[in-house]
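All chains, please: the whole structure from these sequences, using the hints.
Here are the chains, one letter per residue:
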Amino acid sequence: MATGETKKPRVGLFVTCLVDLMRPSIGFAAVRLLEAAGCDVLVPAAQTCCGQPAYNGGDRASAKALALRTIAAFEGLDYVVAPSGSCAAMLKRHYPRLMAGDAAAEARARAFAERVHELTAFLVDVRGLNAVPGTFAGRVAYHDGCSGLRELAIARQPRALLGAVQGLELVELADREACCGFGGLFSIKYPGISDAIAERKTAAITAAEPALVLAGEIGCLLNIAGKLAREGSDIACRHVAEVLAGEMSAPPIARTQVRK
Amino acid sequence: MTRAASPLEANAAAALADRRLQRALAEVPGGFAAARERAKAALPEFEALRRAARDIKDHTLANLDLYLEEFEDNATAARTKVHWAPTAAAASDIILAICRESAARLITKSKSMVSEEIGLGARLQAAALEVIETDLGDYLLQIRAEAPSHIIAPAIHLGAADIAADFRRHHRQLPPERDLASPEALVSEARGVLREKFLAADVGITGANFLVAATGSAIIVTNEGNADLTLSLPKVHIVLASIEKVVPTLEEAFVLLRLLARSATGQEITAYTTFVTGPRRPQDHDGPEACHVVLLDNGRSDLLGTNLREVLRCIRCGACMNVCPVYGAIGGHAYGSVYPGPIGAVLTPALPGTHDGGELAGASTFCGRCESVCPIEIPLVALMRRWRERAFASGSWRQRGMLRAWALLAAHPRAYHLMARLAVATLHLLARGRGAFSRLPFADRWTRTRDFPAPQGHTFQRLWARQQRKQPP
Chain A
28 MATGETKKPR VGLFVTCLVD LMRPSIGFAA VRLLEAAGCD VLVPAAQTCC GQPAYNGGDR
88 ASAKALALRT IAAFEGLDYV VAPSGSCAAM LKRHYPRLMA GDAAAEARAR AFAERVHELT
148 AFLVDVRGLN AVPGTFAGRV AYHDGCSGLR ELAIARQPRA LLGAVQGLEL VELADREACC
208 GFGGLFSIKY PGISDAIAER KTAAITAAEP ALVLAGEIGC LLNIAGKLAR EGSDIACRHV
268 AEVLAGEMSA PPIARTQVRK
Chain B
5 MTRAASPLEA NAAAALADRR LQRALAEVPG GFAAARERAK AALPEFEALR RAARDIKDHT
65 LANLDLYLEE FEDNATAART KVHWAPTAAA ASDIILAICR ESAARLITKS KSMVSEEIGL
125 GARLQAAALE VIETDLGDYL LQIRAEAPSH IIAPAIHLGA ADIAADFRRH HRQLPPERDL
185 ASPEALVSEA RGVLREKFLA ADVGITGANF LVAATGSAII VTNEGNADLT LSLPKVHIVL
245 ASIEKVVPTL EEAFVLLRLL ARSATGQEIT AYTTFVTGPR RPQDHDGPEA CHVVLLDNGR
305 SDLLGTNLRE VLRCIRCGAC MNVCPVYGAI GGHAYGSVYP GPIGAVLTPA LPGTHDGGEL
365 AGASTFCGRC ESVCPIEIPL VALMRRWRER AFASGSWRQR GMLRAWALLA AHPRAYHLMA
425 RLAVATLHLL ARGRGAFSRL PFADRWTRTR DFPAPQGHTF QRLWARQQRK QPP
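Heads up: the protein sequence lines correspond to chains A and B, in order. The numbering used here runs 27 ahead of the 1-based position in the first sequence. The numbering used here runs 4 ahead of the 1-based position in the second sequence.
By construction, these hints were calculated from the structure, which means they are not laboratory data. Treat the hints with care, as some may be off.
Taking lysine-lysine and the DSBU-like style, the derived pairs with C-alpha atoms no more than 35 Å apart in a straight line are [to be verified]:
hint, chain 1, residue 1, chain 2, residue 2
1, A, K91, A, K34
2, A, K35, A, K91
3, A, K35, B, K474
4, A, K34, B, K474
5, B, K239, B, K85
6, B, K85, B, K201
Quick caveat, the model's predicted, so the values are computed rather than measured.
Here it is, written out as structure tokens:
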């Protein structure tokens, strides 16, 4: 972009531990979208995990310690953006609650929370993005991750961005607000129940006959893709950012290579 | 199949393998949950009502002692005898004593989850009293010697074919060749059998959906009218209610009533909504000669003033279980508690004598759909998390150790990123080019039913650092 423009906002990417470990291509897709939305992207090396496993596992002390570290890691940045509704909700909604009773820390967590956004919500609501680099020819279904949907009311934004993808036909799943059964550690603590819930979700997906299932939440995607793969389905799974950014060189989740 | 790690997991495995149960559970989302959605859509002020209801309950709970005493005063003035039962055993003792004083032999009973909570039926039967459940679902369960699996539709796990067989087995006095093919025939038979019991009963026991402090009344809602026959035909009526059922005045009761039926069954109001204020007066045509209200605490007052107090807002509509993916997968019996579903997960560990230890609260995906439909905005996820915190605090060294070790690592970014790189590189090697693992020895609880996607091979942090070195900003 030409010099002399207003200063670009400095956005800290909260990568999330699962994207860092499992699927870095989602991180690069997020960077590309943030840059397309006119942001400077920084990735603080001191970030690790948002602390959700500890928080939901009942270990409040560990969660609070991680929260304080995360807040410190993103000091001085204009925004903190995560390609995950549940991690963004942890930072935005739960960090202030974790600090309850410690006025200074709580005020700091509240100020931090103000700057935190889930990726698609940031692109649409803060940056007003209405054109995206990606293209996709075919039917696509979008699964709403529960935390993003119910804690941050994210539903409209990813659909608005997908509406801007040339060639893409969006179909809605039956009972679209139903959980996929992942639930973090729940998926290995109660695998039978988790699988039964996942089966209802993959049945809804199969019935909608999409070529591709998207979500803004890699946890859900690992679960859904793993279940679809076990069922021998042809339906591919990707993070919504990959399609929006046109970062499609990596094979879909749980796939060896892109099937045409 | 590996060994189940907990009673709940074992129950869940049995429930998931029960095809009859699974067929019955498949009906729940399209039934109650869909009906609730329609009822909500037809009432523009629904969300405002939820907030009003929450405020009513919070206010009442903050002044619970005052409202309970006001209820006692006004109920006493209406010639109701009020009994205070601190424990489940005390409540059963009180009710048994009333039955004995009345020389009762036959007792009719309408739906009451609190009676299940205190084990009343078994206690009265052990005292050689005949107890007949008069709610159709409860009656079926009594014949089958089963517990309710849902708080408003106790026999939701049964199909019509099961019921016909039970009736033939149990109603031996009726002609064996009778037609029981239609639901109407079943209802008609139950009605005939129960009618005799209603007329012959010495004592009628009901629950209460609300107690009204200002009038001393109990409000009882049903769709079958069985509570009305239970409370008006015998000489003695006993109301069994837990202390959090009290509301200040009729006005508050109406707000809650408007939400109750809509949230439970999608009805605007239930078929019968009955207000009971004391026994029969001289000018009344019918009604019992004596009326008792047994107020049960059983651990509830210990929740007041704690960060679990919102549990007591519940009006027992069942909406949370109707949308719960876990309840939908395994049904109510698998919880192994009187109250199943999300509300059961947060109420059960508060009841003395239950040894839950927060396990039910652990069996949730935290999807939050329960609290999104709760008519009283109970923060069910936050409450389940609080029970998890209690369980963690009292958990084994090993349970705590796993989370703590991971949290310690995450608190040291350099070590964390190194470990992350090693872990994904190892997994990537193990995958040998496949996109997913169909078996992973240390993750077999996942890979038994689902593939585990293989990582791409490098961490984002590593790739990003490399890219930054190549093209400095």
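Results for each hint:
1. K91(A) x K34(A): Holds, because 34 Å separates the two Cα atoms, which is no more than 35 Å.
2. K35(A) x K91(A): Roughly 32 Å between the alpha carbons, so the hint for K35(A) and K91(A) holds.
3. K35(A) x K474(B): holds (22 Å)
4. K34(A) x K474(B): holds (25 Å)
5. K239(B) x K85(B): holds (14 Å)
6. K85(B) x K201(B): holds (25 Å)
Hint compliance for this structure: every hint is met.
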